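Both chains are given apart, each in its own frame, so use the hints to dock them into the complex.
Here the protein sequences come in this chain order: A and B.
Residues 211 to 633, numbered by our numbering, are exactly what the first sequence covers, in order.
Residues 20 to 302, numbered by our numbering, are exactly what the second sequence covers, in order.
What the hints contain is simulated information worked out from the structure, not anything from laboratory work.
No experiment lies behind these values; they were computed from the predicted model shown.
Backbone N, C-alpha and C define an ideal beta-carbon position, used for all residues, glycine too.
Any given hint could turn out to be false.
No farther apart than 30 Å at their CA atoms in a straight line, the calculated lysine-lysine pairs in the DSS-like style are these [as the list claims (entries may be wrong)]: (1) B:Lys131 - B:Lys213; (2) B:Lys131 - A:Lys242; (3) A:Lys361 - A:Lys322; (4) A:Lys242 - A:Lys316; (5) A:Lys373 - A:Lys361; (6) B:Lys99 - A:Lys242; (7) A:Lys241 - B:Lys131; (8) A:Lys241 - B:Lys213.
Derived contacts from chain A toward chain B, CB cut-off under 7 Å, selection only [as the list claims (entries may be wrong)]: (9) Thr259; (10) Tyr329; (11) Ser466; (12) Leu576.
Far from chain A, some chain B residues (derived; all Cβ distances over 12 Å) [as the list claims (entries may be wrong)]: (13) Tyr25; (14) Tyr80; (15) Leu203.
The chain contents come next:
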Amino acid sequence: MMANTVEAEGQLTPDEQKRLTSDMHRSLRRKKFRALFLVAPLLIFIMVTFVSPIASMLFRSIDNPQVSEYMPNTTAALADWDGDKNELPNEATYAALVKDLVEGRKNHTIGKAATRLNYEKSQMRSLIVGTARKAARLKPPYKEQLIKIKKGWGDIDNWRVIKRESKPYTASYYIAAFDMETTPDGEIKMLPENQRVYLQMLWRTVWMSVLITVLTLVLGYPVSYLLASLPMRIANTLMILVLLPFWTSLLVRTSSWIALLQGQGVINDILVWFGLVNDESRLSMIYNATGTVIAMTHILLPFMILPLYSVMKTIPPSYMRAARSLGATPYTAFIKVYLPQSVPGISAGAILVFILAIGYYITPALVGGQTGQFIGNMIAYHMQSSLNWGLAAALGVVLLALVLGIYAIYSRLFGGNNQMTLR
Amino acid sequence: MALPAYAGPLETFWYYAFRVLCGMVFIFLITPLLIIIPLSFNIEPYFSFTEGMLAFEPEAYSLRWYEEFFGSERWMAAIKNTFIVAVCSTFLSMVLGTLAALGLSRSELPFKGLIMGLLISPMIVPLIISAAGMFFFYSSIGVSQSYMGLILAHTALGTPFVVITVTATLSGFDYNLVRAANSLGASPTYAFFKITVPLIMTGVISGGLFALMTSVDEVVVAIFIAGAEQRTVPMQMWAGIREQISPTILAVATLLVCMSILLLSTVEYLRRRSEAIRGISAH
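So here's chain B without its partners, still in its complex pose (with noise of 0.2 Å):
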């Protein structure tokens, strides 16, 4: 978008004006992630800046908030349980949701429009309800308070995102290719196996990311429905910032911000991956 030779002076200031705002809105975007990484290495218990950070001297940062969250056995158990739960429920959400996608791309189902939104309904209804409803119920059938809990309601939450993304890599799947598969002499397990799966796999991981990604992050149903027990880093965070704020929290946050890096810079090798796949090029 080159500013036209044929511009006016009008439409030359329209045209600057337009990206500082723009780099405006980048900038109140990606500041709230940035400044949280100096301040936790704060020497002091504090979450602003103190006069020696500003002044770069060396004796005013320090390791201490990262020593105290590694040395903290509440925030380990807190990593070990998030960790737990979000395996589980990812592969369940995989596995639950790339079967049903595969039956939604179908064109002989019945009732498709009634299954994909009760399939969806979990993204759709704010999650204050969910944990509402799950508290009610998981606690008359005697699953809250447990892991098994957490697992079922983190997975209810991730699947969507995986039926999402996986209809979206069918939509655009050559059956022909199974087809082939089958007149060649694959059995239809095989063919699966050996032609579907690995072309739809961009799909399925793209959207079991999602679905980790959800279960980490997720805060409102594991206060409602876990227990003590099962406190997982972001019940942990909400715990901190209620009740003492200390700059723990920013060590985890920083550390938290670089894990979505890397789950950022996954979910975008596998979404061109599967671009280049279906010969969509990205330039």
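Next comes chain A alone, as it looks inside the complex (with noise of 0.2 Å):
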């Protein structure tokens, strides 16, 4: 390429210079491309296993598929019906409700439906099971029948609650999820203080989480400034010290903390024993937010400890021993010198506890008994036992809006130079 384009006076002429571009540029194509090629397998695969699964979550906590499903009939009857109006709707519609409940009686599809307007109002689901159970028997005329059966379709606003639900999207997830509901005129509120769970549980995660984070912190700070000034040689065996938690499974440490922790675990029996607690008056250390804060402190301290020291290593010791001959106290040194210089490993250090700390789920249901459970665990609770998924995804998003927004936040501040980097 370069023999062929190069003149002997070092000049190139119009057309080689033209060539001499496209050769170039095809050049770095082709180089942009196999560099292309292999970030594309990972690329493929993440997209597939992990990006599309957490979009499938943000589609479930919007997605209201259930009436219009299994409603059909009832839900293009309700298109027309005017909710403002203070009217029932007319008979058509009763009909098209009969039809849906003997089908759905049939199919057995109408518990899902009920199930799902359930979530908006209760006794919802008693109101459309129970009254499916005797909707084949009925003949026309249906308004009348029906409301005998059941009071609950002379009632405005359940059908209201119906035509609201009927749509195929819905963001009655995401208001359930900030402890607000709808009332039948489509205003939306917060609910009665007493009823009030995931925003309480939302707030009691993130003072947890700062609380875990400033204690590994509080921990961390001297231990890595005393790894990063001891000789390499003791530094490396101490270290042992912090690594060898960090390499051990999660459970294990999790188990180790109820053994030391419980009633008659190994702390209690020694403060029995040194006569400082009573036989009776035992310290209820596990099984609420207490034994949450100490069994994470400790399983998320290393994530504290290596940042801060990796940064601390790169501190000349020379800067706090100048300070010191310049007739700075030990104090002044330190928060002149010292401090400053570590703000790094402190910021790289907290984002990555705290955002751990956020989203576990583990720990706090192990340890955490009725007060130490964080908004994780309401998450596996809506999935596992109470099956309203919805209502999972829709907390999900929440938890990773909020993780993502304070990662955004530490990477304008702190941005560039990230330490969260593995030893």
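In structure tokens:
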């Protein structure tokens, strides 16, 4: 390429210049393509196995197929009905409802629509399922008979709920996730104080994660400082004490905290033996928020120490000596010289611990009892026990948005030199 | 960090107070791992020390829980499942992750930031969210409750570690070595396997060990997408801690601590070797 494009005097003719540029472009394109080709397998793999699941969760949190799919005739009939007019739907709508109930009962699908509507208004399930049981025996005209069987069919609010939830997409899972409800008039308002669950849970998750982050920082900072300032040989030996917990299974560490903290556990035994605590009034340090905080601080401490250590390692010890020789007290030298230089480590460790903590599920579930549960446990509960998957997905999206938001703020503040590297 | 000769009494006090504090943190870190080892030899079905154990009576100790563990079909099946899933997903993570890291380290790659963000997203997204999403998606494409699904999920969770460690290894990589090989007549493939692979191998293996550990230790996603057939060791432990706490859990935990000691030594060995290769002395 080079040989035939460069003339003897070093000047290129316009034609050759054009050819050289296009050759270079082609070569660059080929290199680009080759780099993409190497990345492509993993990129496609992550797209399929990881990004699509997250996308499917996003979709699930607004997806609302139950009513329109399992009560199609009612959905169609209600399309023309105006819920604001304070009039019950016409006879044709009641006939459509009976048709849906009979078919739904035959196909065993009416329960799904009933469960969905029950999330919006309690007693909707018994109203629908109870009527469906008798619907096959009814003869037209239906309106009077249905109202006679279940008074609920004469209640205009119930019809409004059915009409609202017959749309294919809904915001109602998010409304529920923020402890709000939609009144029959279509107004969105906060639930009464004693029924609020999720915001309180989210708030508790956040403040407990902050507490755990602060605790790991308080415990981790001196240790990292010691490790960074000791001679390499001793530091490497002591590092094993940090790395061994880091490499040990989460479940192992959680179960050993159960052995340590429970009523008949090691710590209580020691306290009783020393006479610090009465045998009858053993401390309850587990199956509550205290247990969660202690166990999670232990589990996440290495994630704080490792980034702190790697930053402190780069701070030359001569700076502190210089400050002292210029007359600074140890305290001033630390605050003015050392601390500012260790800030990248503090921020990297704090964001790592906080993001890990906020999504925890296993440890709170095992040692958290009633008061130490996190939002992750609520998601798992709706996934596995209550089977309200829409709400689980909405709570998951809220948590994900929180994590990504915090991460975005972090990279805006400390962007570029990311210290979240592995040892 | 020796105490300077000019230190006054207050400074001397702080110096020792600081060391005591650090010692306490180290004790806090390591005690939970050490305490389970003697407890796993308890003859009684309790999670606490009996009087006999404290008096070091030989009758208070037994291998009962280890026998129960090795004699249990459930635990043995769990070990087999964990092994299958971990080996397959680690292998996949290493291959896919290394290829991607090679691509990511090229300056010509377009949208580098976006691609890197996507590739390491499984590490940033909380596990419970990944688990919920995978539960919905994997059951809709029919791979939940299968080895296939669990292997795919664990591979996705493990690849970020390989990508990060191999990219880090490649950041100190001297591409002139490859050019030299090419100029001496080696084909790109030959140069890749003879020059690049041996030099980045430490990064690949330590990334692979992180991926292996992720798979062996992973329980949240497994609970959601694996069936009873694919029950892994962490799933069995999770069930054991929730249902009936028996010291069998502690026997398993002790064995797992031994395994992590082994893994830790391997990773440390590799790290020092790679530093030595790159000419950064550890001392």
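Results for each hint:
no.: 1; hint: B:Lys131 - B:Lys213; result: holds (28 Å)
no.: 2; hint: B:Lys131 - A:Lys242; result: holds (11 Å)
no.: 3; hint: A:Lys361 - A:Lys322; result: holds (22 Å)
no.: 4; hint: A:Lys242 - A:Lys316; result: violated (59 Å)
no.: 5; hint: A:Lys373 - A:Lys361; result: holds (18 Å)
no.: 6; hint: B:Lys99 - A:Lys242; result: violated (43 Å)
no.: 7; hint: A:Lys241 - B:Lys131; result: holds (14 Å)
no.: 8; hint: A:Lys241 - B:Lys213; result: holds (22 Å)
no.: 9; hint: Thr259; result: holds (4 Å)
no.: 10; hint: Tyr329; result: violated (18 Å)
no.: 11; hint: Ser466; result: holds (4 Å)
no.: 12; hint: Leu576; result: holds (6 Å)
no.: 13; hint: Tyr25; result: violated (9 Å)
no.: 14; hint: Tyr80; result: holds (16 Å)
no.: 15; hint: Leu203; result: holds (21 Å)
The structure does not agree with the numbered hints 4, 6, 10, 13 stated previously, though it agrees with the rest.
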